[in-house]
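Number of protein chains: 2
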Amino acid sequence: MGAHTDSMTVKPVSNPVIALDVMGGDAGLPDVMAAAEIASERYPALRFRLHGPEPRIRAEFVRCPRLSGSAIVVHTDEVVLGTDKPSQALRRSRTSSMGMAIQCVKNGDAHAAVSAGNTGALMAMALFALRTMPGIDRPALAALLPTLKNDVAVLDLGANTECDAENLVQFAVMGAVFARTVLGLENPRVALLNIGVEELKGTDELRDAAALLRTAQLPMRFEGFVEGDKIGQGNVDVIVTDGFSGNIALKTVEGTAKLVTGLLANAFRSTWLTQLGYLLSRGALRALGAHLDPNAHNGAVFLGLNGLIVKSHGSANVRGIANAIGVAHDLIIGNVGERIATDLANFRAHRPDVPAAPAA
Amino acid sequence: MGAHTDSMTVKPVSNPVIALDVMGGDAGLPDVMAAAEIASERYPALRFRLHGPEPRIRAEFVRCPRLSGSAIVVHTDEVVLGTDKPSQALRRSRTSSMGMAIQCVKNGDAHAAVSAGNTGALMAMALFALRTMPGIDRPALAALLPTLKNDVAVLDLGANTECDAENLVQFAVMGAVFARTVLGLENPRVALLNIGVEELKGTDELRDAAALLRTAQLPMRFEGFVEGDKIGQGNVDVIVTDGFSGNIALKTVEGTAKLVTGLLANAFRSTWLTQLGYLLSRGALRALGAHLDPNAHNGAVFLGLNGLIVKSHGSANVRGIANAIGVAHDLIIGNVGERIATDLANFRAHRPDVPAAPAA
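Quick note, the sequences are listed as chains V and R, same order.
Each step along the first sequence adds one to the number in our numbering, with nothing skipped, and position 322 is 322.
Each step along the second sequence adds one to the number in our numbering, with nothing skipped, and position 65 is 65.
Keep in mind that the hints were calculated from the coordinates and are not lab data.
Quick reminder that beta carbons are idealized off the backbone N, C-alpha and C, glycines included.
Where hints are given, some of them may not hold.
Per label pair, the in silico range of CB-to-CB distance [stated by the list, open to error]:
hint, chain 1, residue 1, chain 2, residue 2, range
1, V, Asn150, R, Arg58, 48 to 54 Å
2, V, Gln88, R, Asp26, 53 to 59 Å
3, V, Pro134, R, Glu166, 39 to 45 Å
Using the sequences provided together with the hints, build the complete structure.
Quick look at the structure:
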């Protein structure tokens, strides 16, 4: 270990730079730029490289005065479409707004790239351009979900359909760093998603990963297994799973929240009495809606690459995209890549089943 | 095929008999018997075999007049505990209330067994005693979940951690029969749970299962893949998945519903205005609660065994247990085992990749 320092092209982060794909997602260029304007207000030191059609970007600058003073425009008319397969997208790695944003991270011209475009394409291009960090076999997609208490970080949300025990352990290390950085926790509680909490439950991969994490010397508390009904409880800070189960769980949370709020809307519409009840309760119900709003939790990150790539949800609004940019900002400032490398090196140095690697 | 008729020990069902483990679950014997009393009122032809401590059962009969006239008591003091491992439970297959209820199904003394006890133990004992039906490699645990429209049947909910394509196809056949029987649908819409809807998404097992189901000649409409956020939409009637993802999804639905209703309760408590709003909306909100109440959907069934075994949720209340007994009743009346055998035989006769089996 220690070689990771070579692969971190961007170092001391006093003036964070984000490469922004202004063409991705449903929102469109004006909304992506409006989000960047909000982020510029929140983080005055933040600077942008805006990748997309220059005339349209320049035209939009009249509505984004702060952004216009803190952004470089990098022109391209090429866009990765939502329907593009990863293989098609890879052919436009150097010419599309998404691909060029990733290249900026690779070249050290930006500390992170943010895109609301095609997830599969972003993943494929990012992996191809940036490669995984030393000690990481596969990157993982991580994001925050709302709970009754604080948000919980969940990974992998769909980058890897199948994972072995080593992958899961690496995800745990990365997830703990993510939680320390984004949630500000010193010693996050980490658990593996499983179909029961007993040691013998689940797959071999989960049991082996649990055995490794139980003895790991890492800045986290390993809490063993949690079941799906605990995702919303907020009793752990990081939930680790393979990308298949993680994606199922993430979307099931989204779908169930929509189901309950949909039923709730129907319930309030049912009589004039309930409509009045709604009017009286409106403020609190809006706060509830805000707590569950995916835009409030927008910004998934591909962890484990030699560079930061943040995915904004395709259907996010201006506020949501601004939050995704905020996640990128926090991860840059928190120097997540270096923290992951350090924790991995510590984990490897102390794991019982592998000889310690020589110090760099 | 056709051999299945030999293994169905119980046939024409005009007088359904349910073997009831009165000792399982959190509710305790009085509640389980109160549930059976409710079921006796709903289904006058239904008869019971009550497995548990005879003196306590007889004492409870004063509160269960209908049940006392339609039940046989089979004494045992032995109970499978919630903490018992399947291997421990198997040793009490012939002496515990749960094991004896299953034996009744095996011997043809009951058409179905219902227990609210230890799921792993019930599964192990049922599989050991009843074995899988011809043509079924593994049984699956199926249950209904609420949606914005009609309920959706989901399987497997945790009987099998890993499944191959053949398992998934068999689950689809069984799930469609379950939906036809319990939801009263002639031609249920069946989908595979996946992390995307495109044909290339997910695991090999899912893609192979989809290929088989696309050409299958079965009384169902195969709708391809659905993602987790569609579970609550009610646009399909049966969702098929391996037991790991199914269990994660089921519990994530439960947990998220609790999260949202918990946040809702907090929202209503926040001010006197919202408390008044709650009072006005109370009726509709209770209806919403009832729609989502797990007790309203209680009664998971192990499909694919030579006999019907229904699992009542350990935390179900009297009404919930009565609903689980109702599921058992409907499955008996619907002759689910025979329907599954017929559909499997048809599927095999028409599948392109396997030579047709000779008719029995």
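Right, here's what the structure says about each hint:
Our hint of 48 to 54 Å for V/Asn150 and R/Arg58 holds, since their Cβ atoms are close to 53 Å apart. Checked against the hint of 53 to 59 Å, the C-beta distance between V/Gln88 and R/Asp26 comes to roughly 55 Å, which is consistent with it. For the pair V/Pro134 and R/Glu166, the supplied restraint of 39 to 45 Å holds, since their beta-carbon distance comes to about 41 Å.
In terms of the numbered hints stated before, the structure departs from none.
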